[in-house]
Amino acid sequence: MSVGWWFALLVVLPTLIAGAYYAFVASDIYESEARFIVRTRSGGGGGGGGSDGGGGRVAAMASLFTNAGPGQEEARAVVAYLDSTAAVAALRQNLDLVELWRRPEADFLARLWWERPEIEWLLWYFRRRVMVDFDPETSVLRLRVQAFRPQDAQQLAQRVMQISEELVNTFTARTISDTLRVAQEDLAKAEQRVVAAREAVIAFRQREQAFDPTSSAGAAVETISRLEAALTQARADLQERRSYMRPDNPQIQVLQNRITALQAQIRTERTRLNRGEEALPQQVAGFERLALEQAFADRALTSATASLEQARSDALRQQVFLMRIADPYLPEYPGYPRVWFNLLTVFISLSVLFGIGWLLTVSAREHAS
Amino acid sequence: MSEAFGALGKPEEGRDFSRTLNGFAIQWRVVRALLLREMQTRFGRNQLGFLWLFLEPLMLALAIAFVKSFVLGRGREYPGVSTFVFCLVGYLPYFTFRAIVSRAPGTLRSNMSLLYHSHIKLIDVVLARHLLEAAAVVTVMTMIVFGIAIWADLPPNNVPALLFGLILLFLYAQGLGLLAAAGSAASEVVERLIHPLVYLSLPLSGALIPLHELPPKLREVLLWNPQAHIHEMVRDGFFGHVLPSYYSPGYLLFAAALVNLLGLAALRAVRPKLEF
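Chains as they are written, first to last, in my numbering: chain A, 1 to 369; chain B, 1001 to 1276.
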């Protein structure tokens, strides 16, 4: 056989078979395309501007380093989701994927090969017919859906957009509930603490029959010091009068009585302060602990309230949503299969392989001559 | 070339086929013998030749890792990808590529005398040299990959992808090597150009920088170069999803097949100039 025959057998014939398939068997495939973007409310890349200050700049820098703008993670999550069995299962709930890809007009090669496919095979086919590209530069997601009828392609594309949107919404709901839940729990705890502290103070007052042990202790100490001052004064007076009065002078008597009375009074006051059922210093210590707890609880409540506010505004800012740029359209011209491109690919590839094989064979034969 | 094809249209088909098989068997023996001979000349006397195969990529990777981390300061780093390992994995395929392509012209010159033997053809010499290079570099790569797996605790992520990438690398380099050998046999200018071109391909191949870091426009331009696909594929095989990679095995396969076809044809075309 000459080269020509071999070429005809190995290159031209397969190309012709492929051509015959495209000419007589292959069914039209319609493709519907949609574009959407996943973005956060804060949005706009590094455009946080002056109001955001340092935080905005740091975030912009971080996004520069990780190559991820706002909403990019979520966009990638959408791409990952649409590549999973979860998405196929979600789509199957209200769209018969198998029937859609086994329409009577579909040819035997292009259609879904199984009547009751396992989920893995269905996913394999799904990946061939539903394609999502993510452009990291513009953050635009491009969805392409292929089916054998224009309506099918459009309907399926719409449904895919819908489940993507649902996924993104669950992200938002989750973020909001998570952020708020923690803040709300903190607030509830702080409130309880304040109430408990107040109640402890009230109970203390009822038990000790004292409104404010600190100030009454202060008053007692003040009384003692006033009495002591009076005592010192009285002693000084006595000393002074003794220098020019006789010891049996009634004035001296008076002073001595006064000194005795003051000393007795001071002793009583001291005893009252230090002893007894509930000594005043202990009372004061206990009360001050309670008062301190109350002050802390108040402060914690203030900060919990503030952080709840913060969380609320944060959650609002973190909201992610899917924005439709171009809705799936109803295809009018069957863009697939790309007959000429495919045939040319087959022909050129086979020719190149044939050429290599031929050159190798020729050089091998020369060894035998 | 047409006369080469024309000479083969023999009438007896059964004998034709057995002659082809016989030819392949003889060629295989010739290539094997040449391979052993090449091995003798290259690694026979001292072991330095083989040692150098290890040392060069290791030293270069060390140097780049040093420059990157100490001179330029901390650049962008991916978690789980050390600069040293990254450079090593990036440079090894380029090292193979360079070894095959830039040695190709010398192959013909140094083996010219062998062509006096009627059984030894031009292509056998080139094939033997390429196989030797491939075997050497695959050995080095295997040992380095094992070393990284053991000492850096970083086993390759996807061994089939790594292996397939290396095979495609070899095929592509082999095609270009054939072209280089034929070209340098045809004209001295081509021979002079091969070395600078091979070195110039280092920055264009994305061997030492992940394509993921480049701006998308530049990435698209670089992806016209099959070498960039090779490097991305090898990196994907090694690092997996730690480092997003961009390559198309189909494109690479087609490019490899095309340069092989062109190389084989070119070698045939320059044959009258060289054979006796």
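Among these hints, one or two may not hold up.
Unchecked claim - Every beta carbon over 10 Å from chain A, so not counted as near; a handful from chain B, in silico:
1. Ile1064
2. Met1112
3. Asp1153
4. Asn1260
5. Leu1264
As the list claims (entries may be wrong) - The calculated label-pair distances, taken between Cβ atoms and stated as ranges, are:
6. His1195(B) x Ile325(A): 32 to 42 Å
7. Pro334(A) x His1195(B): 45 to 55 Å
8. Ala295(A) x Pro1244(B): 26 to 36 Å
9. Ser2(A) x His1241(B): 49 to 59 Å
10. Arg299(A) x Ile1209(B): 45 to 55 Å
11. Ala1033(B) x Leu353(A): 22 to 32 Å
12. Leu10(A) x Ser1018(B): 43 to 53 Å
13. Pro1244(B) x Ser177(A): 50 to 60 Å
14. Gly1240(B) x Arg299(A): 15 to 25 Å
15. Val1159(B) x Leu10(A): 46 to 56 Å
16. Ser1018(B) x Val346(A): 25 to 35 Å
17. Ile325(A) x Val1159(B): 20 to 30 Å
18. Arg142(A) x Val1159(B): 54 to 64 Å
Unchecked claim - Derived list of chain B stretches under chain A, where covered just means 3 residues or more per stretch with a C-beta under 8 Å from a C-beta of chain A:
19. 1196-1203
20. 1248-1258
Just so you know, these hints were derived from the structure itself, not from any lab.
Note that CB positions come from ideal geometry on N, CA and C, so glycine has one too.
Against the structure, the hints:
For Ile1064(B), the condition that its CB be more than 10 Å from all CB atoms of chain A holds, with the nearest at approximately 20 Å. No beta-carbon of chain A comes within 10 Å of the beta-carbon of Met1112(B); the shortest separation is about 18 Å. Distance check for Asp1153(B) against chain A: the nearest CB is about 25 Å away, which clears 10 Å, and the non-interface claim stands. Listed as outside the interface, Asn1260(B) is inconsistent with that label: its C-beta sits roughly 5 Å from the nearest C-beta of chain A, within the 10 Å cut-off.
Not every CB of chain A lies more than 10 Å from the CB of Leu1264(B), the least distance being 4 Å, so the non-interface label is violated. Separated by about 50 Å at the C-beta atoms, His1195(B) and Ile325(A) break the suggested range of 32 to 42 Å. At about 52 Å, the CB distance of Pro334(A) to His1195(B) agrees with the hint of 45 to 55 Å. Judged by the Cβ atoms, the range 26 to 36 Å given for Ala295(A) and Pro1244(B) is violated: they are separated by roughly 54 Å.
Taking the beta carbon of each, Ser2(A) and His1241(B) are about 52 Å apart, inside 49 to 59 Å as hinted. Hint check: Arg299(A) to Ile1209(B), Cβ distance near 53 Å, so the stated range 45 to 55 Å holds. Taking 22 to 32 Å as the suggested C-beta distance range, the pair Ala1033(B) and Leu353(A) conforms, at roughly 29 Å. A hinted range of 43 to 53 Å is violated for the C-beta pair Leu10(A) and Ser1018(B), which are about 20 Å apart.
At about 32 Å, the CB distance of Pro1244(B) to Ser177(A) disagrees with the hint of 50 to 60 Å. Roughly 50 Å separates the CB atoms of Gly1240(B) and Arg299(A), a value that falls outside the hinted 15 to 25 Å. A hinted range of 46 to 56 Å for the beta carbons of Val1159(B) and Leu10(A) is inconsistent with their spacing of about 33 Å. The supplied range of 25 to 35 Å is met by Ser1018(B) and Val346(A), whose beta-carbon atoms lie about 32 Å from each other.
Separated by about 41 Å at the C-beta atoms, Ile325(A) and Val1159(B) break the suggested range of 20 to 30 Å. The hinted window of 54 to 64 Å between Arg142(A) and Val1159(B) is violated, with their beta carbons roughly 33 Å apart. Figure legend: the stretch 1196-1203 of chain B, annotated as covered by chain A; annotation inconsistent (0 residues with Cβ-Cβ distances under 8 Å, at least 3 required). Residues of the stretch 1248-1258 of chain B with a Cβ under 8 Å from some Cβ of chain A number 3, which satisfies the need for three, so the listed coverage holds.
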